[in-house]
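With chain A fixed as given, assemble chain B onto it according to the hints.
Chains A and B, in that order, are what the protein sequence lines are. In this note's numbering, each number is its position in the first sequence, counted from 1, plus 314. In this note's numbering, each number is its position in the second sequence, counted from 1, plus 314.
Quick caveat, the hints were computed from the structure, so don't treat them as lab data. It should be emphasised that the depicted structure is a prediction, and the values quoted were computed from it without experimental measurement. By construction, the Cβ of each residue, glycine as well, lies at the ideal position given by its N, Cα and C atoms. Some hints here could point you the wrong way.
Unchecked claim - Capping the alpha-carbon separation at 16 Å, the derived lysine to aspartate or glutamate pairs in EDC-like fashion look like this:
#, chain 1, residue 1, chain 2, residue 2
1, B, K422, A, D476
2, A, K503, B, E425
3, B, K503, B, D477
4, A, K465, A, E492
5, B, K525, A, D498
6, A, K349, A, E377
7, B, K503, A, E425
8, A, K422, B, D498
9, B, K392, B, E348
Unchecked claim - Partial list, derived from the structure: chain B residues whose beta carbon lies under 8 Å from chain A:
#, residue
10, E425
11, T427
12, Q431
13, L497
14, D498
15, L521
16, N526
17, V531
18, I532
19, G534
Number of protein chains: 2
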Amino acid sequence: MKIAVVGGTGDCGQGFIKRWAKEHEIIVGSRRAEKAEETAESLTSFLREVGVDARIRGMENGEAVEASEIVVLSVPYKFVESMTADLAESYSDQIVISPVVPMARVEKHFEYTPPVQGSAALLVRELLPSKVKVVAAFHTISYAALQDLEKPVGGDVLIAGDDPESKEVVADLARIIEDLRPLDGGPLKLAAQMEGLTPLLLNISRLNRVKNAGITVIEG
Amino acid sequence: MKIAVVGGTGDCGQGFIKRWAKEHEIIVGSRRAEKAEETAESLTSFLREVGVDARIRGMENGEAVEASEIVVLSVPYKFVESMTADLAESYSDQIVISPVVPMARVEKHFEYTPPVQGSAALLVRELLPSKVKVVAAFHTISYAALQDLEKPVGGDVLIAGDDPESKEVVADLARIIEDLRPLDGGPLKLAAQMEGLTPLLLNISRLNRVKNAGITVIEG
Numbered sequence: 315m316k317i318a319v320v321g322g323t324g325d326c327g328q329g330f331i332k333r334w335a336k337e338h339e340i341i342v343g344s345r346r347a348e349k350a351e352e353t354a355e356s357l358t359s360f361l362r363e364v365g366v367d368a369r370i371r372g373m374e375n376g377e378a379v380e381a382s383e384i385v386v387l388s389v390p391y392k393f394v395e396s397m398t399a400d401l402a403e404s405y406s407d408q409i410v411i412s413p414v415v416p417m418a419r420v421e422k423h424f425e426y427t428p429p430v431q432g433s434a435a436l437l438v439r440e441l442l443p444s445k446v447k448v449v450a451a452f453h454t455i456s457y458a459a460l461q462d463l464e465k466p467v468g469g470d471v472l473i474a475g476d477d478p479e480s481k482e483v484v485a486d487l488a489r490i491i492e493d494l495r496p497l498d499g500g501p502l503k504l505a506a507q508m509e510g511l512t513p514l515l516l517n518i519s520r521l522n523r524v525k526n527a528g529i530t531v532i533e534g
Numbered sequence: 315m316k317i318a319v320v321g322g323t324g325d326c327g328q329g330f331i332k333r334w335a336k337e338h339e340i341i342v343g344s345r346r347a348e349k350a351e352e353t354a355e356s357l358t359s360f361l362r363e364v365g366v367d368a369r370i371r372g373m374e375n376g377e378a379v380e381a382s383e384i385v386v387l388s389v390p391y392k393f394v395e396s397m398t399a400d401l402a403e404s405y406s407d408q409i410v411i412s413p414v415v416p417m418a419r420v421e422k423h424f425e426y427t428p429p430v431q432g433s434a435a436l437l438v439r440e441l442l443p444s445k446v447k448v449v450a451a452f453h454t455i456s457y458a459a460l461q462d463l464e465k466p467v468g469g470d471v472l473i474a475g476d477d478p479e480s481k482e483v484v485a486d487l488a489r490i491i492e493d494l495r496p497l498d499g500g501p502l503k504l505a506a507q508m509e510g511l512t513p514l515l516l517n518i519s520r521l522n523r524v525k526n527a528g529i530t531v532i533e534g
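Excised from the complex, chain A in its bound form (with noise of 0.2 Å):
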């Protein structure tokens, strides 16, 4: 499938290209092109390095949504709402995947900061045509792992979405990362805990020394 990386130039995107380049044709998506061909060319040798022959290509953002079938948001929340807006008319029917955490430092702690929609899922999902799948996943994943390819990423990835046949393109996106499990987590409505995860481990790794804190659901 054709992945589009919208703010694949920085950590997060590359790490998800790093991961999915031997298996999907990657665009990198930035907001100017040159930038974005340039990652994508300097990703392409780090792979061609480690063995993985990859197809990644470089364009601006909305002709990136243009090209593909799968766009990830690989943007701070601060960007997303005028981000979103802005590229809208390059979305047609693409599944969208949001890993966006809206959160704010208070003193040393993170918290949830969620839009009027409820989260950064529903934020996203009111400014994009009906026809595009919003599918909320990957916010408690490390990004230094999902960087470091010698390293099994490990944990769960809960997916929250609407269609559920997005959500297991999702899936297996996930099953790709060694290690890492999807979790089916209902609808998109539901997103808003799956994003307050991400303040949460970073309190809980600070506070008890745990670096790049995950999760695993366990059986009880």
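Below, chain B without anything else, positioned relative to chain A:
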């Protein structure tokens, strides 16, 4: 220490009592003293049979609170506001543990439905004297596992509260229960994300056939 379990005649309350009675003095609280005494007697007999010599008494809720250093609010969310307000005068400077989760079933899913204060823990905080130390914890523990002394409970107990010493007391109560690991989750205002884990896990249980789902924080 003297621990009052308000709502101690229910499944959740009995689970805590079975686990803690070997190390602490327990007071079962109920609306009716006779019912509390009955439960106290039956738990004492049960524990004697498995070789635990426990000191368990039963009292009307208000008396149970007055006689204790720690109070566990082992009651369904819908009763918490009225019950806490009614008992407010029985409190002085206890540690109050809230495992309470406000949630509703909407179609097939559970949704987190916090009160205007932001969480059940903050609602309780608002209703009780300022010297009472409210600690939110034990939201994601399987009550079925808790009741079965043959079984390790497993998973992590996330703890939120504003008084470090009280949080350490609650962490010690978690450590009594085999295989449970206490983790500090920050100040009480962050309890909402912990309470919200319960509907999240109930949905994951049902959708992915994971029995009595709990969580573990992993290092990435």
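Verification of the hints:
Note on B/K422 and A/D476: the hinted pairing holds, with a Cα-Cα distance of about 13 Å set against a maximum of 16 Å. For a cut-off of 16 Å, the pair hint linking A/K503 to B/E425 stands: about 9 Å separates their Cα positions. At roughly 12 Å between alpha-carbon atoms, B/K503 and B/D477 fall within 16 Å of each other, so this suggested pair holds. With a C-alpha separation of about 8 Å, the suggested pair A/K465 and A/E492 falls inside the 16 Å cut-off, and the hint holds.
Of the pairs offered as hints, the one joining B/K525 and A/D498 holds, with about 14 Å between alpha carbons and a cut-off of 16 Å not exceeded. Taken as a hint, the A/K349 and A/E377 pair is honoured in the structure, with Cα atoms around 14 Å apart against an allowance of 16 Å. Taking the CA atoms of B/K503 and A/E425, the gap is near 9 Å; set against the 16 Å cutoff, the hint holds. The straight-line distance between the Cα atoms of A/K422 and B/D498 is roughly 14 Å, inside the 16 Å bound, and the hint therefore holds.
Proposed proximity of B/K392 and B/E348 is contradicted: the alpha carbons are some 23 Å apart, above 16 Å. Annotation: B/E425 was flagged as interfacial toward chain A, and the flag holds, the nearest CB pair being 7 Å apart, inside 8 Å. With 8 Å as the threshold, the beta carbon of B/T427 stays out of range of chain A, its nearest partner Cβ sitting at about 12 Å, so the hint is violated. With a least beta-carbon distance of about 15 Å to chain A, the hint placing B/Q431 at the interface is violated under the 8 Å criterion.
About 5 Å separates the beta-carbon of B/L497 from the nearest beta-carbon of chain A, less than 8 Å, and the hint is met. Hint on B/D498 holds. Least Cβ distance to chain A is approximately 4 Å, under the 8 Å limit. The closest approach between the C-beta of B/L521 and any C-beta of chain A is roughly 4 Å, which is under the 8 Å cut-off, so the hint is satisfied. Annotation: B/N526 was flagged as interfacial toward chain A, and the flag holds, the nearest CB pair being 3 Å apart, inside 8 Å.
About 5 Å separates the beta-carbon of B/V531 from the nearest beta-carbon of chain A, less than 8 Å, and the hint is met. For B/I532, the shortest C-beta to C-beta distance to chain A is roughly 5 Å, which falls under 8 Å, so the interface hint holds. Hint status for B/G534 relative to chain A: holds, with the closest Cβ pair at about 3 Å, below 8 Å.
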